[in-house]
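Same order as they appear, the protein sequences are chains L and D. By the numbering used here, the letter at position 264 of the first sequence is numbered 264, and the numbering carries on one by one without gaps. By the numbering used here, the letter at position 121 of the second sequence is numbered 121, and the numbering carries on one by one without gaps.
It should be emphasised that the hints constitute simulated quantities derived from the structure, not laboratory data. Quantities reported herein were computed from a predicted structural model and do not represent experimental measurements. Any given hint might turn out to be false.
What the hints assert, rightly or not - Among chain L residues calculated to face chain D with C-beta under 8 Å, some are:
| # | residue |
| --- | --- |
| 1 | P5 |
| 2 | Q9 |
| 3 | V82 |
| 4 | S88 |
| 5 | G104 |
| 6 | P135 |
| 7 | T136 |
| 8 | H138 |
| 9 | T215 |
The beta-carbon is built from N, C-alpha and C at its ideal position, and this holds for glycine as well.
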Amino acid sequence: MPSDPLVAQHVLEFPGGYTRTTGPVIGRFLSELRARRIVGVRTAEGRVLVPPLEYDPATGEPVTGEYVEVGPAGTITTSAWVDEPLDSHPLDRPFAWALIRLDGADTDLLHAVEADNPKALAAGTRVWPVWRDRPTGHITDISCFAPEVTKIVSSVRAEYRLQVGGALRVFLEGVERGVLLGSRCEQCEKVYVPLRLACPECGNTLPDTLELPDTGTITTFAINNLPDPRAPEVPFVSAYILLDGADIPMIALIGDVPAHEVRQGMRVRAVWVPESERTASMANIRWFAPTGEPDVELA
Amino acid sequence: MRDVAIVAFAQTRHTDHDTGLAEHELIHPVISEVKELTGLKRFGFTCSGSCDYLAGAPFSFVSALDALAAWPPISESHVEMDGAWALYEAWVRLQHGDIDSALVYGFGKSSLGDLRTIMTLQLDPYYLAPLGLDQLSYAALQAAAVGADRQELDEIVRRSRADGRSNPYALDLPEPDGDDFAVQPLRKTDVPPITDGAAAIVLATGDLAGRLHPNPAWIRGIAHRTEPHYLGLRELARSASAADAARAAGVTKGPVEVAELHAQFPHEEIILRQALELGGDTVINPSGGPLAANPVMAAGLVRIGEAARRIHDGTASRTVAHAASGPCLQQNLVTVLEA
Numbered sequence: 001m002p003s004d005p006l007v008a009q010h011v012l013e014f015p016g017g018y019t020r021t022t023g024p025v026i027g028r029f030l031s032e033l034r035a036r037r038i039v040g041v042r043t044a045e046g047r048v049l050v051p052p053l054e055y056d057p058a059t060g061e062p063v064t065g066e067y068v069e070v071g072p073a074g075t076i077t078t079s080a081w082v083d084e085p086l087d088s089h090p091l092d093r094p095f096a097w098a099l100i101r102l103d104g105a106d107t108d109l110l111h112a113v114e115a116d117n118p119k120a121l122a123a124g125t126r127v128w129p130v131w132r133d134r135p136t137g138h139i140t141d142i143s144c145f146a147p148e149v150t151k152i153v154s155s156v157r158a159e160y161r162l163q164v165g166g167a168l169r170v171f172l173e174g175v176e177r178g179v180l181l182g183s184r185c186e187q188c189e190k191v192y193v194p195l196r197l198a199c200p201e202c203g204n205t206l207p208d209t210l211e212l213p214d215t216g217t218i219t220t221f222a223i224n225n226l227p228d229p230r231a232p233e234v235p236f237v238s239a240y241i242l243l244d245g246a247d248i249p250m251i252a253l254i255g256d257v258p259a260h261e262v263r264q265g266m267r268v269r270a271v272w273v274p275e276s277e278r279t280a281s282m283a284n285i286r287w288f289a290p291t292g293e294p295d296v297e298l299a
Numbered sequence: 001m002r003d004v005a006i007v008a009f010a011q012t013r014h015t016d017h018d019t020g021l022a023e024h025e026l027i028h029p030v031i032s033e034v035k036e037l038t039g040l041k042r043f044g045f046t047c048s049g050s051c052d053y054l055a056g057a058p059f060s061f062v063s064a065l066d067a068l069a070a071w072p073p074i075s076e077s078h079v080e081m082d083g084a085w086a087l088y089e090a091w092v093r094l095q096h097g098d099i100d101s102a103l104v105y106g107f108g109k110s111s112l113g114d115l116r117t118i119m120t121l122q123l124d125p126y127y128l129a130p131l132g133l134d135q136l137s138y139a140a141l142q143a144a145a146v147g148a149d150r151q152e153l154d155e156i157v158r159r160s161r162a163d164g165r166s167n168p169y170a171l172d173l174p175e176p177d178g179d180d181f182a183v184q185p186l187r188k189t190d191v192p193p194i195t196d197g198a199a200a201i202v203l204a205t206g207d208l209a210g211r212l213h214p215n216p217a218w219i220r221g222i223a224h225r226t227e228p229h230y231l232g233l234r235e236l237a238r239s240a241s242a243a244d245a246a247r248a249a250g251v252t253k254g255p256v257e258v259a260e261l262h263a264q265f266p267h268e269e270i271i272l273r274q275a276l277e278l279g280g281d282t283v284i285n286p287s288g289g290p291l292a293a294n295p296v297m298a299a300g301l302v303r304i305g306e307a308a309r310r311i312h313d314g315t316a317s318r319t320v321a322h323a324a325s326g327p328c329l330q331q332n333l334v335t336v337l338e339a
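Extracted from the complex, chain D is given alone in its bound form:
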């Protein structure tokens, strides 16, 4: 394995509404920022994560390439998933040995349509999508399966929003109050905010990483696992795939100071803490997490960036980032970062 590190991270100041910027306009500042941070103008590989259904246009990621300087031709790829999986692809590509840098980015504007029903389109077209099963409904089914203590859930939401308010990139959400239901047992305050945003990360190998950043965040473990798509085939109260990914990435091989979890609903944090075997001394989502800003298709990559930032600024020596995709935490990617 080649040593690969995160040497730069940038994200937009996420918004809860459409500011009117086109996708490539949303991306351009964060790409420029990581280029400036690293001094790199060209990268050995470029990979992005996004979802065409958010924009309602096929191949929408292609027009986003306008933000990159894609001429002369670059080596480029795209995943129709969160940018965290683009980072995984870039990490694999760097393992080939012939290049030593990669640019990764993820972006999404969930303000354009009704995210709740757009996410129905990712369900299987035979058994689930025809029922019109929507995102809040399947999340509520999982919340019911977990059956968590209401006070514990409230505390997760309260803590996430408070942390988000002190994070200049996250949304400024008030103290949660009110007990209106979204879909029972989910409360309206349990639902992640509609968010537009983007993020970019630069990966570099070995010596180059050392030259680009005084404190590179080395990827010491990275793995992803998946479970059956159909909800009735899974034990919803647990995440076997997150646990498998965490084991494969070696989360428990050392103390975890900070864990950034792609938990869009408070019960997901409970499931993930258990799956990743995080102890009580691990600080969870100091950025506020997706409950404070949920730029769909970038939120997982932001988790990796936020976990790396703690190492870059010297406040932590070992952190974990988690990203999820699919209904009810179907797919999970776990990254272990070390100073």
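Same shape as in the complex, but just chain L:
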């Protein structure tokens, strides 16, 4: 007696497939599929059977010779969700089986439905067929159904040419030199940064241009979880920074510190790019980083 079980593999297969005749009714349905049409057949009582049968299941009477184009859209009546598709299944990723009442039909077609998750396939969901590239007259000419289009994504992109003159030009030329320029209103006794030509409070022309230090205090901040091409990574922190000597905060990124450690009152200093890479742009300042000084009590 052998000690191990005697086991053999056994395969049942029809090499090349099993040839079947379709008869005129099913054959008509499959031929219409080849032309990317879905048809039902009308019974003597006027119901439309989809897919067609040779007889009326209710009465056993032969169906009429009238074929009716249905769908192609339909409504899910019942569905089941497959998390782990089998090799034999039409889709190799999670999908649903569904009974679909095609528009104009009185019975349900069974087919696969592609969707992101089972919740997307409640009874009543509208679906449309997705056709195979080259239909051959087979039920799988319909690759699957997919939910009806209810939203689209449209791209928006326009290009502009911006030219910098006036106060901003002076400010950015300062940034290129590694200096932050502001302006002081004698009447309102306020220092504005970036540099501007007129006081936003009194409207007076602002003659005084002054250099401000690149240190300041965070007055408020936000932790951003959506990526932004200008930010180093996600999440990133953008903050209002009140530069020392200024009365108006300036918005900038905060870096070199974990997002959850950023706080109001934190002292920061600009991190400049190396001199050789400097341009007349705010990109000159990579971000503001904590100085390590004690926090400031905000008024």
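Given chain L's structure and the hints, the job is docking chain D onto it.
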């Protein structure tokens, strides 16, 4: 109509794995057992139920005849369905009047292949089989159509497995736990166990039945009905054919103490209870039912045997057995048994 009774029933101790026994080796003990129970060596008619696709071999039922003593030639037939339909054929044959006994058996080893995909082969070859629609997927579609309360389904599985553990012939399955999906909304615990097994029943008419068993289980009603094969043509949440068969068999003509239902999934029990109009005082599947042991092609015949056993042992006077075949309870056979 001639009075026909079930006078003997035997089943294998079903297994959840292939023990290596060939089909005729699986059948032989149960045939021997019903021969011993009745003292009969020969029968007026013999009929079996099985499915060649389970073994992956054509005419596999013919080699199973080795278990029977088929020489000199016997009068024999086979249905490519559950053995319950073999019993129906034998009952019809006994109505002819010229014989008074019949041997019926059903067998199947679903451990040999992947039952889930093998059952795809029974679907129509034009619209369903090419999609690769598998057994769990179509059962899940029906479960979704029923939309039953999850707690009710869990309770059916729990009760079935508990009853199965106290049935020496059924599998020893643990309390169901876990909520992993098989095919949503079916959970893995909703799926009947892969089972190998066989069952045999002896039918006898009139006086012979009385001589062979002190409490024959008389078949007072038996009927089967079918619905369209294609799932989209049916109302899946109900079973019109089971209801028709139950009416034709006269299920509601008296109280039903025990009902053995061929419900392979818990939602099928809900559909069948409604179709057969079973009241709250009917005990359902005290054997554990197919959720505790599902020897495909014998499970329906086992239901009839289990329903008869309650009458044989005197614990019930009126029982009902149900057997199903085809996708999503397409065909239903209902048998009413009385003491």
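Now for the hints, and whether the structure bears them out:
no.	hint	result
1	P5	6 Å, holds
2	Q9	11 Å, violated
3	V82	5 Å, holds
4	S88	3 Å, holds
5	G104	14 Å, violated
6	P135	13 Å, violated
7	T136	11 Å, violated
8	H138	6 Å, holds
9	T215	58 Å, violated
Going through the hint list in order, the structure does not satisfy hints 2, 5, 6, 7 and 9.
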